[in-house]
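There are 2 protein chains.
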Amino acid sequence: MEYRAPLRDMQFLIREVFDFETHYGGLEDSTPTDLDLVEAIIAETARFAEVELAPLYQSGDAEGCRFVDGQVIAPTGFKEAFQQYVEGGWGATTGDPDYGGQGLPHSVGLFIEEILTSGNLSWTMYASLSRAAVNTLQAHGDAELKSRFLPKLLTGEWTGTMCLTEPHCGSDVGLLTTKAEPTAGGDYSILGTKIFISSGQHDLSDNIIHLVLARLPDAPSGTKGISLFIVPREIDGERNGVVCGAIESKMGLHGNATCMLHFENAKGFLLGPENQGMRCMFTMMNTARIMVGVQAVGLMELGFQSSLGYAEERRQMRAMNPREPGRAADPIIEHADVRRMLLTQKAFLEGGRALSYYVVQLADNVAFGSSDGQEAANRLLDFLTPIVKGFVTEVGYEAVNEAVQVYGGHGYVSDNGVEQLVRDARIARIYEGTTQIQALDLLGRKTLGDGGRALADFMAVLLEEAAVSTHGDTLRHLAQEWEDLTRILGADAMRDQAIVGSAAFDYLMYSGYVVMAVVWSRMARFAGNDDFGVGKRQTCQFFYDRLLPRAEGHRRAIENRGDSIDSFELAGFSHH
Amino acid sequence: MEYRAPLRDMQFLIREVFDFETHYGGLEDSTPTDLDLVEAIIAETARFAEVELAPLYQSGDAEGCRFVDGQVIAPTGFKEAFQQYVEGGWGATTGDPDYGGQGLPHSVGLFIEEILTSGNLSWTMYASLSRAAVNTLQAHGDAELKSRFLPKLLTGEWTGTMCLTEPHCGSDVGLLTTKAEPTAGGDYSILGTKIFISSGQHDLSDNIIHLVLARLPDAPSGTKGISLFIVPREIDGERNGVVCGAIESKMGLHGNATCMLHFENAKGFLLGPENQGMRCMFTMMNTARIMVGVQAVGLMELGFQSSLGYAEERRQMRAMNPREPGRAADPIIEHADVRRMLLTQKAFLEGGRALSYYVVQLADNVAFGSSDGQEAANRLLDFLTPIVKGFVTEVGYEAVNEAVQVYGGHGYVSDNGVEQLVRDARIARIYEGTTQIQALDLLGRKTLGDGGRALADFMAVLLEEAAVSTHGDTLRHLAQEWEDLTRILGADAMRDQAIVGSAAFDYLMYSGYVVMAVVWSRMARFAGNDDFGVGKRQTCQFFYDRLLPRAEGHRRAIENRGDSIDSFELAGFSHH
Chain W
3 MEYRAPLRDM
13 QFLIREVFDF
23 ETHYGGLEDS
33 TPTDLDLVEA
43 IIAETARFAE
53 VELAPLYQSG
63 DAEGCRFVDG
73 QVIAPTGFKE
83 AFQQYVEGGW
93 GATTGDPDYG
103 GQGLPHSVGL
113 FIEEILTSGN
123 LSWTMYASLS
133 RAAVNTLQAH
143 GDAELKSRFL
153 PKLLTGEWTG
163 TMCLTEPHCG
173 SDVGLLTTKA
183 EPTAGGDYSI
193 LGTKIFISSG
203 QHDLSDNIIH
213 LVLARLPDAP
223 SGTKGISLFI
233 VPREIDGERN
243 GVVCGAIESK
253 MGLHGNATCM
263 LHFENAKGFL
273 LGPENQGMRC
283 MFTMMNTARI
293 MVGVQAVGLM
303 ELGFQSSLGY
313 AEERRQMRAM
323 NPREPGRAAD
333 PIIEHADVRR
343 MLLTQKAFLE
353 GGRALSYYVV
363 QLADNVAFGS
373 SDGQEAANRL
383 LDFLTPIVKG
393 FVTEVGYEAV
403 NEAVQVYGGH
413 GYVSDNGVEQ
423 LVRDARIARI
433 YEGTTQIQAL
443 DLLGRKTLGD
453 GGRALADFMA
463 VLLEEAAVST
473 HGDTLRHLAQ
483 EWEDLTRILG
493 ADAMRDQAIV
503 GSAAFDYLMY
513 SGYVVMAVVW
523 SRMARFAGND
533 DFGVGKRQTC
543 QFFYDRLLPR
553 AEGHRRAIEN
563 RGDSIDSFEL
573 AGFSHH
Chain L
3 MEYRAPLRDM
13 QFLIREVFDF
23 ETHYGGLEDS
33 TPTDLDLVEA
43 IIAETARFAE
53 VELAPLYQSG
63 DAEGCRFVDG
73 QVIAPTGFKE
83 AFQQYVEGGW
93 GATTGDPDYG
103 GQGLPHSVGL
113 FIEEILTSGN
123 LSWTMYASLS
133 RAAVNTLQAH
143 GDAELKSRFL
153 PKLLTGEWTG
163 TMCLTEPHCG
173 SDVGLLTTKA
183 EPTAGGDYSI
193 LGTKIFISSG
203 QHDLSDNIIH
213 LVLARLPDAP
223 SGTKGISLFI
233 VPREIDGERN
243 GVVCGAIESK
253 MGLHGNATCM
263 LHFENAKGFL
273 LGPENQGMRC
283 MFTMMNTARI
293 MVGVQAVGLM
303 ELGFQSSLGY
313 AEERRQMRAM
323 NPREPGRAAD
333 PIIEHADVRR
343 MLLTQKAFLE
353 GGRALSYYVV
363 QLADNVAFGS
373 SDGQEAANRL
383 LDFLTPIVKG
393 FVTEVGYEAV
403 NEAVQVYGGH
413 GYVSDNGVEQ
423 LVRDARIARI
433 YEGTTQIQAL
443 DLLGRKTLGD
453 GGRALADFMA
463 VLLEEAAVST
473 HGDTLRHLAQ
483 EWEDLTRILG
493 ADAMRDQAIV
503 GSAAFDYLMY
513 SGYVVMAVVW
523 SRMARFAGND
533 DFGVGKRQTC
543 QFFYDRLLPR
553 AEGHRRAIEN
563 RGDSIDSFEL
573 AGFSHH
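Residue numbers (my numbering), protein chains in the order written: chain W, 3 to 578; chain L, 3 to 578.
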């Protein structure tokens with residue numbers, strides 16, 4: 003599948019909409035970052051993704067991973083491309099300079115992530131979990147652990163994983179039973195089975211560093227008794243007790259191995275304090291959640307490009323107002339509903355990208371900003387993370403399905419590659435916390451749980467935008483509505499907390515549309531008068547006209563939450 | 003994948019909601035039909051689907067079809083199951099008694115269709131296109147053609163296809179170039195290539211009867227110059243010039259062969275008048291469009307059953323209001339958002355089923371009803387067909403995706419079969435006319451094009467329901483809104499018909515929600531006080547509370563149609 007990185011749109015966001023020049027100037031502890039450097043990295047990443055990764059996208063899907071004698075062999079070409087990635091130094095971009103990293107802010111990692119994802123998501127997954135592992139190690143590891151593991155994770159010679167899920171527990175990590183027994187040597191012996199481990203075993207790197215959640219002896223039950231361990235597949239060249247038992251056959255992501263891993267008294271090293279594993283793992287998960295939102299953006303980009311190209315070439319039927327008289331048929335892009343499908347993709351894609359840039363700017367501030375702004379940045383980041391993960395993956399799935407729909411029957415067959423986008427994008431609504439988990443996180447923890455402070459912070463951002471927006475009235479109206487809705491939900495939840503569960507999904511979607519309205523308004527303000535700028539403003543208008551009205555459906559669904567969910571008698575589900 | 007036919011729900015619709023006893027009593031020309039016979043057929047079909055077809059669902063997907071030396075070999079077990087279908091006489095159910103059919107009304111064919119689809123859609127597609135071919139032959143064939151082809155199509159020894167699409171034309175059939183030259187013998191020589199032919203070649207039947215659209219010499223261009231031909235793969239045991247060039251690799255439906263067929267001066271027989279092929283083919287397409295809506299129902303049923311079973315067994319996290327104190331985790335069905343996903347499936351599934359029963363009752367009336375009611379029944383049938391096809395397949399796709407979501411990561415892996423439902427259901431939004439084609443048909447032809455008469459007819463049905471419904475106010479409000487919306491669109495379209503294109507999709511979805519609200523209200527009225535009945539009423543309430551509000555989003559999108567689609571400058575699509 004062909005891919006061309008959307009450099010113009012990225013530059014627009016970096017230089018204009020979010021003014022990363024000023025932003026980078028204000029960061030205190032990162033490597034000084036100038037935009038020319040960032041754009042050079044982006045350009046080089048674009049070349050790599052376009053030339054090396056994209057050609058392996060469909061072939062990697064068709065070939066899949068092979069599981070032979072406990073070893074996993076990635077699709078043809080993946081290993082060679084990974085070698086280039088290592089040689090190019092991409093893995094080190096955002097790493098700690100004390101251990102070989104370039105020390106660039108998180109945002110640069112995210113720009114790279116999106117481009118690599120568009121090039122080849124299955125391949126990128128081998129690299130990208132390392133970034134999450136690196137962040138965790140940098141945040142919670144002591145000097146010994148860092149010096150032992152960081153350097154080769156940063157070069158990419160080693161890759162990382164995160165091992166949470168077990169056969170009986172997914173969303174409910176607190177149920178996990180993998181054990182960690184202290185050993186005489188001061189380390190730990192890890193015993194248990196983990197499933198659904200992305201990139202859990204493969205032939206691209208010399209070693210794989212697993213970050214594993216497990217329980218110490220006599221640890222409290224639930225999430226308060228979980229600790230985090232580093233469990234390398236190999237230690238000093240010797241195999242550790244980590245055995246891949248199987249790889250999953252699955253809907254998509256065929257090029258990335260989803261593994262069952264048995265830890266058979268494997269040697270592990272405690273990362274962070276005892277019984278604080280969940281807190282430490284959240285460093286990894288928050289990175290990964292934003293990453294998954296960005297994956298949805300990367301797949302939308304591919305679907306948009308592909309279906310746009312098709313719509314410009316394919317001729318079927320006359321347009322209602324034909325531009326070229328006398329032709330038997332017009333390019334389908336002239337048909338209003340094909341445009342609607344393309345504009346829907348463009349609106350969710352560019353809106354999702356802008357939102358991810360905004361969020362990662364906050365992540366930069368949390369990590370490297372001046373200390374007086376960190377708490378506020380962190381609160382806003384926490385608030386927006388479930389929206390980037392939950393909302394963007396939901397609309398992202400819709401968008402890639404629209405790409406298929408533009409192709410019609412030619413989208414359902416494998417040749418054009420767009421059906422693969424649907425299969426690959428489907429997992430984004432599930433892994434790193436399902437949409438349902440994100441929704442509960444947003445409404446229960448990040449909104450009601452913090453007394454509405456984060457929402458109030460975002461409301462200030464919203465009203466600031468409204469004050470200078472051509473959509474000011476709409477935004478102010480939404481702000482009022484959102485506040486009212488939240489206040490009523492909060493009061494109701496005091497009486498019956500089950501309300502939170504039955505309102506959470508619609509609340510997430512409502513919030514997502516409003517947040518996206520804010521970033522679209524901002525983009526429209528910065529758009530110039532060239533084709534690109536006019537297209538931006540028109541897409542913004544389309545978003546407000548045709549997509550934002552859905553927020554009203556979600557709002558009414560929340561208002562009507564009544565008890566039609568909570569009081570439903572289970573016996574009533576059967577219709578046999 | 004396990005399947006149990008929803009006999010209780012079917013009986014409820016047949017005996018109570020739509021009173022098929024009275025309905026069948028009023029049909030004039032069909033074989034006398036009593037409900038015991040119908041339910042015996044349903045029970046036998048259920049057994050066949052549950053025991054013979056369902057076990058081949060996942061294996062057929064994994065194995066797929068093989069293309070060897072121009073022959074297509076269906077997955078293991080398909081041929082044997084088809085032999086049982088032939089022996090059981092299912093193919094003859096709705097056929098003309100003069101040619102070996104049982105002469106039962108269309109509705110019985112649809113009850114069978116849904117059950118077979120749930121059992122195994124890929125397999126069922128080999129059988130079900132025959133039913134569409136049979137209807138066309140019965141409606142437009144002369145006695146000679148009927149006696150030559152109908153008997154073996156009705157036994158199932160032969161199967162049928164419909165051949166419209168060519169490489170350069172899908173939605174726009176008028177562009178087709180396949181040629182039909184009259185021969186000295188009074189027949190025709192067919193030359194051209196057709197693609198995307200479902201069941202186009204396979205090893206289940208002795209012969210395949212292709213219904214092919216082609217152009218006679220000097221025929222007018224466009225759809226007015228298309229004629230319909232019967233082109234058998236074999237004639238009197240000799241191969242005709244029909245060659246399968248390839249089968250498609252595709253997202254789903256792996257067990258059904260999607261073929262490229264070359265007609266190499268194949269012998270064909272004209273079916274219906276010259277240049278009237280589109281009109282004749284519409285007999286086939288209308289049957290097929292309702293069938294596709296029913297396919298979506300059948301797949302939803304499977305997804306609902308499967309995810310309901312999983313939600314009852316799988317334990318994760320405590321419910322907000324736990325029913326069993328002291329457990330580490332509750333069945334996920336206790337979590338509000340899991341219930342929301344199950345209820346969403348149940349609402350669309352049972353609503354879609356009820357709508358399909360209503361529509362096929364109209365089809366019975368058109369075929370066999372008293373002559374004074376036929377015109378009105380036909381108008382309503384024409385009006386509702388794009389809604390059954392377009393709306394039910396759209397929400398059906400959402401529903402099977404919710405089935406995956408209930409499973410979480412376990413839904414993305416292949417073992418549980420639900421990801422296959424998504425891949426199989428995706429095509430329903432495309433084939434037999436995309437959702438876009440249905441939307442244009444509904445708004446352009448069936449609503450504005452007939453001066454609003456069909457809508458007025460349905461409005462009478464709606465208001466009659468409103469008069470006796472507990473949701474009467476809501477229904478009356480929707481009726482007013484729908485009429486206003488349609489009147490405004492009609493007026494706007496007089497000035498600029500491009501409006502039709504940019505409003506059509508949202509109009510289809512809006513109409514679909516309102517129509518489904520009517521059938522849900524009707525079901526709730528007939529529901530008793532047992533678990534099943536209480537569940538019905540609560541699901542109805544859920545539909546009104548949580549899903550119907552989306553109609554408002556679609557209505558506003560139509561109101562805001564403005565010119566954000568039509569005036570969009572093509573250059574603005576690029577963001578490179």
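Hint data in this document are derived by calculation from the structure and do not stem from the laboratory. Think of the CB as a built atom: it goes at the ideal place given N, C-alpha and C, for glycine as much as any other residue. Hints should not be assumed to be uniformly reliable.
What follows is a list of derived Cβ distance ranges for each label pair [claimed, not checked]:
| # | chain 1 | residue 1 | chain 2 | residue 2 | range |
| --- | --- | --- | --- | --- | --- |
| 1 | W | Val53 | L | Arg10 | 57 to 65 Å |
| 2 | L | Pro169 | W | Asp71 | 43 to 51 Å |
| 3 | L | His170 | W | Val53 | 30 to 38 Å |
| 4 | W | Asp38 | L | Gly224 | 18 to 26 Å |
| 5 | L | Pro169 | W | Arg489 | 39 to 47 Å |
| 6 | W | Arg489 | L | Ser61 | 51 to 59 Å |
| 7 | L | Thr476 | W | Glu466 | 55 to 63 Å |
| 8 | W | Gly247 | L | Arg6 | 30 to 38 Å |
| 9 | L | Asp208 | W | Arg241 | 42 to 50 Å |
| 10 | W | Arg489 | L | Ser372 | 41 to 49 Å |
| 11 | W | Glu89 | L | Lys81 | 51 to 59 Å |
| 12 | L | Ser372 | W | Ala493 | 53 to 61 Å |
| 13 | W | Val53 | L | Ala248 | 51 to 59 Å |
| 14 | W | Arg10 | L | Ser223 | 48 to 56 Å |
Status of the hints after comparison with the structure:
1. Range check, Val53 (chain W) to Arg10 (chain L): about 59 Å between beta-carbon atoms, so the 57 to 65 Å window is met.
2. The given range of 43 to 51 Å is respected by Pro169 (chain L) and Asp71 (chain W), whose C-beta atoms sit roughly 45 Å from each other.
3. Between His170 (chain L) and Val53 (chain W) the CB atoms are about 32 Å apart, so this pair conforms to the stated range of 30 to 38 Å.
4. Checked against the given bound of 18 to 26 Å, the beta carbons of Asp38 (chain W) and Gly224 (chain L), roughly 57 Å apart, lie outside it.
5. At about 58 Å, the beta-carbon gap between Pro169 (chain L) and Arg489 (chain W) misses the expected band of 39 to 47 Å.
6. The beta-carbon spacing between Arg489 (chain W) and Ser61 (chain L), approximately 54 Å, falls within the hinted interval of 51 to 59 Å.
7. For the pair Thr476 (chain L) and Glu466 (chain W), the supplied restraint of 55 to 63 Å is violated, since their beta-carbon distance comes to about 39 Å.
8. Distance hint check: the CB atoms of Gly247 (chain W) and Arg6 (chain L) are about 33 Å apart, consistent with the given range 30 to 38 Å.
9. Separation of Asp208 (chain L) from Arg241 (chain W) is about 59 Å and departs from the stated range, judged on CB atoms against 42 to 50 Å.
10. Checking the proposed 41 to 49 Å range against Arg489 (chain W) and Ser372 (chain L) shows it is violated: the Cβ atoms sit about 60 Å from each other.
11. Roughly 54 Å separates the CB atoms of Glu89 (chain W) and Lys81 (chain L), a value that falls within the hinted 51 to 59 Å.
12. A C-beta distance of roughly 59 Å is found between Ser372 (chain L) and Ala493 (chain W), which places it inside the suggested range of 53 to 61 Å.
13. A hinted range of 51 to 59 Å for the beta carbons of Val53 (chain W) and Ala248 (chain L) is inconsistent with their spacing of about 30 Å.
14. Between Arg10 (chain W) and Ser223 (chain L) the Cβ separation comes to about 42 Å, which falls outside the hinted range of 48 to 56 Å.
The structure fails to meet hints 4, 5, 7, 9, 10, 13, 14 from the earlier list, while all remaining hints are met.
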